[in-house]
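Take a look at the letters that make up each chain.
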Amino acid sequence: MPPGASSWSFREEDSTRIHSILSDFLRESSARTGMIVDRTGQMVAVVGEEPSFDPTAFASLTAADFSANDQLARMIGEPEFGSLFHQGEKESMYLADIARRVILVVLFDSRTTLGLVKLRVRGTVGELRHVFEEMFTRGASGPAQVETGFLGEAEDEIDKLFGA
Amino acid sequence: MSMINYASREINCKLVYYGPGLGGKTTNLEFVYNKVSPNSRGKLISLATETERTLFFDFLPVDLGTIRGFKTRFHLYTVPGQVYYNASRKLILKGVDGVVFVADSQIERMEANIESMQNLYDNMAQHGYNLTTIPFLIQYNKRDLPNAATIRELQAALNPGWPVEDAVRQKQAPDPYHEGEFLVEQLDGQWVERAPYFEAVAMTGEGVFDTLKAVSKLVLKSLGS
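Taken in sequence, the protein lines are chains A and B.
Here the first sequence is numbered in this note's numbering, starting from 1 and rising by one per residue.
Here the second sequence is numbered in this note's numbering, starting from 1 and rising by one per residue.
Bound conformation, chain A alone (with noise of 0.2 Å):
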């Protein structure tokens, strides 16, 4: 793997604990949906309330508009913002940085306040950075790898879809 280019790898127990983390939250917060989306516009975790939007191009978006505010942050002196708040109508959406690798993304509507929302991110974002942390450490030690065989198979879908 290139320097630089790290990925990383998602294994089962740590979608378990994400999911437990983020339930507990959304009970306490009585938000909808909680998501995570890595910073390079990946979704890697949705719970609570399924939303109705493409996910995928939520991701790209929601990584992105992080991205942009922390080179807005750093043009008026701040390191960075840790967390967003874009207010709607009916819905609105807060987004809190986890070890600045991964993003919290919270759908709440008039059911809660911001003000509880806010309450109850900050230790969540506390338990899933250490998640998180974790997962990096674990990533560093050696590249995600995929299993042999892998590559024959993808190459001959990339010439079916792609045209041979």
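Quick caveat, the hints were computed from the structure, so don't treat them as lab data.
Hints may contain errors.
[As the list claims (entries may be wrong)] Chain B side only, calculated, beta carbon under 10 Å to chain A, not exhaustive:
id: 1; residue: R143
id: 2; residue: R169
id: 3; residue: F209
[Said to hold, decoys possible] Here are the computed distance ranges between Cβ atoms for each label pair:
id: 4; chain 1: B; residue 1: P38; chain 2: A; residue 2: H86; range: 27 to 35 Å
id: 5; chain 1: B; residue 1: T66; chain 2: A; residue 2: G163; range: 15 to 23 Å
id: 6; chain 1: B; residue 1: G128; chain 2: A; residue 2: E49; range: 13 to 21 Å
id: 7; chain 1: A; residue 1: N69; chain 2: B; residue 2: Q170; range: 45 to 53 Å
id: 8; chain 1: B; residue 1: A87; chain 2: A; residue 2: F85; range: 17 to 25 Å
id: 9; chain 1: A; residue 1: A68; chain 2: B; residue 2: A156; range: 32 to 40 Å
id: 10; chain 1: A; residue 1: G163; chain 2: B; residue 2: I107; range: 27 to 35 Å
id: 11; chain 1: A; residue 1: R11; chain 2: B; residue 2: Y177; range: 32 to 40 Å
id: 12; chain 1: A; residue 1: R11; chain 2: B; residue 2: A48; range: 33 to 41 Å
id: 13; chain 1: B; residue 1: E50; chain 2: A; residue 2: D54; range: 37 to 45 Å
id: 14; chain 1: A; residue 1: R111; chain 2: B; residue 2: Y121; range: 29 to 37 Å
id: 15; chain 1: B; residue 1: A173; chain 2: A; residue 2: G77; range: 43 to 51 Å
Where a beta carbon is used, it is the ideal one built from N, C-alpha and C, also for glycine.
Starting from the known structure of chain A, fit chain B onto it as the hints suggest.
Same frame as chain A, but now just chain B:
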């Protein structure tokens, strides 16, 4: 940064189309969007200005299907080509797995191509990535125009090759896409390697899928290595 998610059994790879403004990056994505079966692709998202110039990026997810139990997906991004959007360009490169440089073949755009290529090297370096070790290829677009420079001129300006220091890699490697040409070769006693290149007319789709196929395969190969 390809992500392998063992829990949901997904592999996602990020491909970025880079290059000077109005070179055809968005046109590449639009062609892919229009030709790939709707079951295999998501929505094409364009953050563009009112005059359809890319402001932040275009984004198109393409599903390769399930391979050995893993749902494999490519995320295709373009960057805004205009010089003053560098901050956005740099952001899009974060976590990139493969880069396609879309050069504008028109002789008048040579300067813009060179400037954009330099900018790509700089931005990759600032992320700590090395363009000579990640999947990278060049597409010479607009080959149909009468004022297109020759491939030889474009190669000399944009793809002259980088030195190969590793003795193991110092052996002639033929270019699988161009007979009689080499990706690694010895020139004046110095071993050099070049990025693979493709000729294209993105407006009609010529070369678009050849480019995408080649970079996708290189990216998957880098996952397995």
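Measuring from beta carbon to beta carbon, are G128/B and E49/A in 13 to 21 Å?
violated (38 Å)
Distance restraint evaluation - R111/A, Y121/B, Cβ atoms, bounds 29 to 37 Å
violated (50 Å)
Verify the CB-CB distance for N69/A and Q170/B against the hinted window 45 to 53 Å.
Holds, since N69/A and Q170/B (Cβ atoms, about 46 Å apart) stay within the stated range.
Could one say that the CB atoms of A68/A and A156/B fall in the range 32 to 40 Å?
holds (37 Å)
Against chain A, with CB atoms and a cut of 10 Å, does the hint on R169/B hold up?
violated (14 Å)
Is the hint on R143/B kept, meaning its closest Cβ partner in chain A is under 10 Å away?
violated (19 Å)
Is 17 to 25 Å right for how far apart the beta carbons of A87/B and F85/A are?
holds (23 Å)
Cβ separation of A173/B and G77/A, checked against the hinted range 43 to 51 Å
The hint (43 to 51 Å, Cβ to Cβ) holds, given that A173/B and G77/A are roughly 49 Å apart.
15 to 23 Å was suggested as the range; check whether the CB atoms of T66/B and G163/A agree with it.
holds (20 Å)
Cβ-Cβ distance between E50/B and D54/A: within 37 to 45 Å?
violated (24 Å)
Starting from the range 27 to 35 Å, see whether the pair P38/B and H86/A falls in it by beta-carbon distance.
The hint (27 to 35 Å, Cβ to Cβ) holds, given that P38/B and H86/A are roughly 30 Å apart.
Could you say whether the range 33 to 41 Å given as a hint is met by the Cβ separation of R11/A and A48/B?
Once the Cβ atoms are compared, 39 Å apart, the range 33 to 41 Å for A48/B and R11/A holds.
When held up to the earlier numbered hints, the structure conflicts with 1, 2, 6, 13 and 14 and fits the remainder.
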